[in-house]
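Start from the sequences and build out the full structure, keeping to the hints where you can.
With the working numbering applied, the sequence shown has no gaps in its numbers, which climb one by one up to 122 at the end.
These aren't lab readings, by the way, just hints derived from the structure by calculation.
Check each hint, because a few of them may be wrong.
Said to hold, decoys possible - Each pair of labels, with its calculated beta carbon distance range:
(1) Lys121 <-> Tyr66: 49 to 59 Å
(2) Val86 <-> Ala107: 15 to 25 Å
(3) Arg101 <-> Arg27: 18 to 28 Å
(4) Lys106 <-> Thr9: 21 to 31 Å
(5) Arg39 <-> Lys121: 51 to 61 Å
Stated by the list, open to error - Under the rule of at most 25 Å between Cα atoms (straight-line distance), these lysine-lysine pairs were calculated in the DSS-like manner:
(6) Lys31 <-> Lys112
(7) Lys91 <-> Lys51
(8) Lys21 <-> Lys88
(9) Lys106 <-> Lys91
(10) Lys21 <-> Lys37
(11) Lys121 <-> Lys21
(12) Lys121 <-> Lys51
Keep in mind the model is a prediction, meaning the values are calculated, not measured.
Glycine included, C-beta positions come from ideal geometry on N, C-alpha and C.
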Amino acid sequence: MNPIINEITAAQVKTNLTPFKVGDGVRVHTKVREGDKERVQVFAGVVIAHKGSGIHENFTVRRISYGEGVERVFPRNSPNIEKIEVEKDSKPGRARLYYLRGRTGKAAMAVKVKRYEAPAKA
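In structure tokens, the structure reads:
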């Protein structure tokens with residue numbers, strides 16, 4: 001990105017968030033304003049995508065709610081995100097897990113793990 005834009009937005013980029021990657025099970029704590037009150041709401045699910053960099057960084061979290069798949073896109077540097085907790089660590093074999101959209105039940109949260117197998121010796 002342009003170094004001038006990086007310099008201007010450097011103050012707004014959050015550095016205290018827990019590092020996570022695609023495939024991890026996360027709990028995102030967001031601030032919700034209702035009238036003059038403010039409360040924290042938790043959205044838990046699997047990170048299926050991570051896009052952008054710097055101030056424009058977004059990630060998508062998917063969960064199954066009452067049998068329906070629900071996805072939510074969060075700007076990583078939003079002031080409305082209070083914290084992100086990593087519940088489950090994983091090692092997926094791809095950058096975006098859109099294949100989870102076609103699944104139901106427990107399979108919708110099961111991330112295929114990349115496994116390395118050493119080549120057989122001749």
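Status of the hints after comparison with the structure:
1. Lys121 <-> Tyr66: 49 to 59 Å: holds, 52 Å
2. Val86 <-> Ala107: 15 to 25 Å: holds, 22 Å
3. Arg101 <-> Arg27: 18 to 28 Å: Cβ of arginine 101 to Cβ of arginine 27: about 21 Å, so the range 18 to 28 Å holds.
4. Lys106 <-> Thr9: 21 to 31 Å: violated, 40 Å
5. Arg39 <-> Lys121: 51 to 61 Å: For arginine 39 and lysine 121 the Cβ distance comes to about 60 Å; the hint holds.
6. Lys31 <-> Lys112: Judged against 25 Å, a Cα distance of about 32 Å means the pair is violated.
7. Lys91 <-> Lys51: holds, 18 Å
8. Lys21 <-> Lys88: holds, 11 Å
9. Lys106 <-> Lys91: Judged against 25 Å, a Cα distance of about 18 Å means the pair holds.
10. Lys21 <-> Lys37: violated, 33 Å
11. Lys121 <-> Lys21: violated, 34 Å
12. Lys121 <-> Lys51: violated, 40 Å
When the structure is compared with the earlier hints, violations turn up for hints 4, 6, 10, 11, 12 and for no others.
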